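Chains A and B, in that order, give the protein sequences. As numbered in our numbering, residues 23 to 680 make up the first sequence, in order. As numbered in our numbering, residues 391 to 1096 make up the second sequence, in order.
It cannot be assumed that every hint is accurate.
If you want the footprint, here are the derived chain A segments under chain B, 3+ residues with CB under 8 Å [unchecked claim]:
no.	stretch
1	119 to 126
2	320 to 332
3	412 to 424
4	555 to 566
Treat the hints as calculated values from the structure; they're not laboratory data. Note that the structure is predicted; figures quoted are calculated from it, not measured. Glycine residues also receive a C-beta, built at the ideal position from the N, C-alpha and C atoms.
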Amino acid sequence: MLTVLERELGQTRLVAATEEMSLTLQRASRSLYVRETADFACAIADTSGRFVAYPQGIGVSGFLGLDVSHAVRTVAEREGLAPGDVVLTNDPYTSGALSTHLPDVHAIAPYFDGDEVVGYGWTFIHVSDIGGRVPSSVSVRNDTVHAEGLRIPPVKYVAGGRVVPAVDAFLRANSRTPEQNDGDLHAMLAALDRGRTRVADLVAAHPGDGLAQIGAHAREQTAARARRALSRLADGEYVFDDYLDNDAVSDLPLRVALRATVRGGHLRLDFTGTDPQVEAALNMVTQGRAHSWVLTRVFALVGTLDPDVPLNGGLMDVVDLHAPDGTLLNAREPAAVGVRHATVSRVNDVVSGALVQAAPDVLPAASSGLVVPVVFASAAGGTVQVVEPMVGGTGGRAGADGVDGRDSGISNLANNPVEVVEATVGVRVLRYHVRPDSAGPGRWRGGCGLELEIEALEHGSLLARGLERTRFRPWGYAGGGAGAATELLVNPGRPDERRLVVVDTVPLAPGDRVVLRTAGAGGYGDPFERDVAAVLADVVSGLVSVGAARRDYGVAVVDGQVDAAATEALRDVPRAATTWGRGAERDRWDALLPAALLDRLAAALQTLPVPQRAPRRRALLHEVLAGLPQGFPAVDADESALAAARAVAERLVAGLAG
Amino acid sequence: MTAAPRWRVGVDVGGTFTDLVAVPAHRTGHDLSRLVAHKVASTPHDPAAAVEEGLRGLAERGVAFADVASVTHGTTIGLNAILQRRGARVAVLTSRGHRDLVQIGRARLPRSFDLHAAPPAPLVPRDRVVEVDLRFGADGTPVATLDEPAYAAARDALAATTAAAVAVCLVGGYAAPAAEAALAARLTADLGVPVTSAGALWPESGEYERTVLAVLDAQVRPLMTAYLTSLRDRVAQLGLTAPLFISTSNGGSVSLAAALERPVTTVLSGPAAGVSAAGLLWPDRDVVTLDMGGTSSDIGVVRSGHPAVTTTTSIGDHPLTMPVVDVEAIGAGGGSVAWADGSGAVVALRVGPRSVGAVPGPVAYGQGGQHPALTDAYVHAGAIADGAFLQGRMRLDAAAATAALDALGAALADPGTDDATGVTDAVLRTATAGMSTRVRTVLARHGEVPDAFTFVAFGGAGGTHTALLAHELGVRRVVVPAAAATFCALGAALAPVRRDLVRSIHARADDAGTREVDAVVRALAATAVDWLQEQGVGTEGELTVAVDARYDAQPTTLTVDVAHVGTPDVRAGLPPLRAADVADLFAQAHTRYHGFADPSVPVVVEAVRVAVRGAQAPVVRTGARDGLRTVAHRRLRVDGRWHDAAVLAPAPDGTTDAVPGPAVVEKGDTSVVVPPGWTVTLDAAADLVLTRTATTQGGDRSAHGA
């Protein structure tokens, strides 16, 4: 048995080895995704297939809980594994949900001591293109996984140190960017080689089951720390639900529902009630188990409470997950999965909404919860370039305002310098600033969204995928209000002004202008209890208008000064206490379709064959909404129409459950 | 000509001590074996007082003021003002629609897994940012022009902020530095406060990064102006009339006038001076410098005399995109606390990141410290010893250190770490493992592995720990320089004047595009040569021309050197840059860095960089006569065993042969541990050179001991 010290030092070395692997990969890679968005990762697993060591802050953090065992077992049972072999896969359905969408190509190297496997090196890269219907392979409008590109079930890409020519030929023939992909594959192999050397050093020092002991120790230490951190949550059962704006094939929102059970630092997340899988690329393959990618908010919570917790598979030991078969969070083959991060970003909000009830002093209100890469495709040049990846802010929380214009909840992307954009893309960036009056009001206000205005200087088209929170706004908590909704306008103030909710591509001529205002984040606490000086500071800096200060905060500002008497009068008016600030649109929706009814609907849909569920749900909701004004729930409906529609809903759900 | 030496004086103002070094120049060069070093206590309320006292001390040691050729001064006044947010109240003037460029920054949050993550507080609050209807296109043409009423409105709005300094940063200003500078000059005159033009200061594309530079410059300008002019007067009153130079973050120095013009170029000069000293002393070696202080250890990388430079460093969480010597923290310092971490399933030992600080300091200092630090492990191990430590100026209470380590052992779970000796082994191994893995990662980022490097150690604990670190990393050679205790001051004394210039462009590296690049190179080279002349150090010097280039559609650039020329050649006329050469040099660099080149893809040049450096002072590194003599023996714990180790000290009758470890060398302010399997010599430059003789590999295996 190794001493604690030896196990700790071994862990330190393995983590450093994963960092070295990452740097090796970064230097050797040619692709945009690696260099610009750091969409890659490296790690070392022990024989259990779970990660012992994961780098801190290089590449994607959210995959720390993956398990390579199913992928390697598939190959090992079929053809055996030998030193110098590398297994490749990108297919969620045959890799045991190791990969979450096809552009993420995963490579696994078994590391040997003699003829015995002692551990695995793992790495993935989001490659530029893996084939399929559209360039770069990802489109929300892909209806099955078969449209999304080449599926690579776990296969040997390298056998005994040599690339298998047949596999290589398949890969090259099925990508629009075979050279870039080849560079990425070689970068992954270089990283796995570096890991092999470091693991060999460690095994030489601690032969036998040294790596296994170190792995068990690392995971147990992390799990214990995570449990300790999560014991800050009050035991109990907490429910919450939230929506994606639409399912890409209709304008109906998609529901993600959660019942979280907290017991002594352990979490059980039950997503029963979540909508069925859809015929668009919004599905997530979990195979019904706890999956790293849907738990990133839990990891973030642990990281908040224990900033130094070592990242490894031990974090998975504190969570159980249940997601019913055939739903958004446990999609069955052949559901499309390309844009699963949009769904996961709403999962994050739902997890926050459930757990803020268990730890109201720790979790913030909803962040803006969107990433919209605003892309300009030049008609003449054929170039497609990102202008800015637009995010909103983070939610207010007990004791602190949210952050304006930054949100790392989905991915912690850097923006682009305006000057670089203008030198390379055929647009001028007229405005790029924090969006005033967008923050959800609160004693601790939410973070503001951003506002971007661009003018096309040449013919081209605008792409803005990931447009979310145009329908239901980021929620506030403990009396805090919702942030402003996302808005996308073309040529505002001109006769041809248009307001867009679903964007495929928007053709632009020179002189056309586009304005994107991202949602503000939710506020926390009663805004009438906000420090008057803080409200004044926001007014002086221009983030809150005089009118909003009066309406939302009960603070009268005149000529840059607080009118104390008027403020006292404003704040003296009795107001109803609220917990959630979801915005009027969401309140209307819930009045029509309460959670209990939707839970029954979800249960009834589960009795149908998977392919029938989503169409059936759409038909049912369209029938319910038919009797309500166009635009509901953004526009109000009178009580009698609402009651009638509710009766229709009750009848249809009962019939379906029948 | 007189026979008296001409001295180059270097001054390094630290938090605790102000170090001074004077190096005499003879016909053959600057003689390091005869340098004069002097240390005085710093005077943080009035840093110039310590400088003054130190200069008087040098005079008492034979450095006649009349024979001083230059005084080069490194100061952290600007840095401290920025870090402690004590800089001047600054307002920003920018283009309409971009008021939040400082607030938004690059939009990233410092940590992903942190629901409470917050960006650094903005350098300038939103209500002190004034917008104006003026901006420039990528080619420098104004997109909107400023009429008189708009100018007056902007001026009045800036005045209303009551700022003590202003930074002007217009979108596109990098492409029109002269126009922006003219606006800044007009505002200076009208507002009566200093105004920095970001475009003139650093004409590189990237409005946020450039604004940060300009704001930092504006923040430190009033303070630096006051300090440096007062220093100049006080030094002159001493009768020291030699020109004053100021150390810069790029490892060089500039005239006082140039420092006043661009104060932001000096803010990270402290750590840079030590790294560049290593480059000047060992121009033919690949060196990793290790500066181990009380709270942390920093490393720098020097290849063939050239310190690695970065344009992606940060200062108090704000990006600093001017070239600065790349210095990275790798973890523990002598004051790092050793503690029992019970947050996991079993209790584990940790070293750092918390430090005991100078007060109360480690337990062994007997100043009330209760928590054992890395230094206490050195004391228990016999690596440093009472009487010899800091030449006896600081007494050490070994028994107290041992008691504290014993107590820590009781809290740990391992059977091997239940007493002070076991804990000492564990603390040294943990600190060494933490530092060595960081060194590996830092070098991996440079595309290097440690084996081929020489370690140069300085700073308080550098000599004590460096051989342990080198051993673990498989490094074969360690040097503890003669001037280890005043190494940064030495670097300042020897640093040539240097200035970096940049200009963003956007040109294909074809024939037409290269002509465009060439025109920019010539303009920058002319500016550089003129500037060198203004520094008052003669016109001899060296120019390095580089371009930031990338393959078309590649997101990031590589900086590629395209020419090295002497300054006389610049005046004679630079040879024209050729497209084929640019493409070739880029392909070579790309292959070196990324492992491949692709001649089918066009190369795009995004920026031209010109660095000008004054003539380098030749260095003489012979003439020291001392050898090492055994002056005592003491118990030394290294490699998990107790040894009866020789205590060596420099002496005129000592040996210049290699002495095998285990041993400790007491030399000046440092105690240097020589582990078993290593030898030590004192060479002709009075440097201690440690050489690995054992054939065992570094890493985990050898770290176990018997």
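Hints and how they fare:
no. : hint       : result
1   : 119 to 126 : violated (count 0)
2   : 320 to 332 : holds (count 8)
3   : 412 to 424 : holds (count 4)
4   : 555 to 566 : holds (count 4)
Going through the hint list in order, the structure does not satisfy hint 1, though it satisfies all others.
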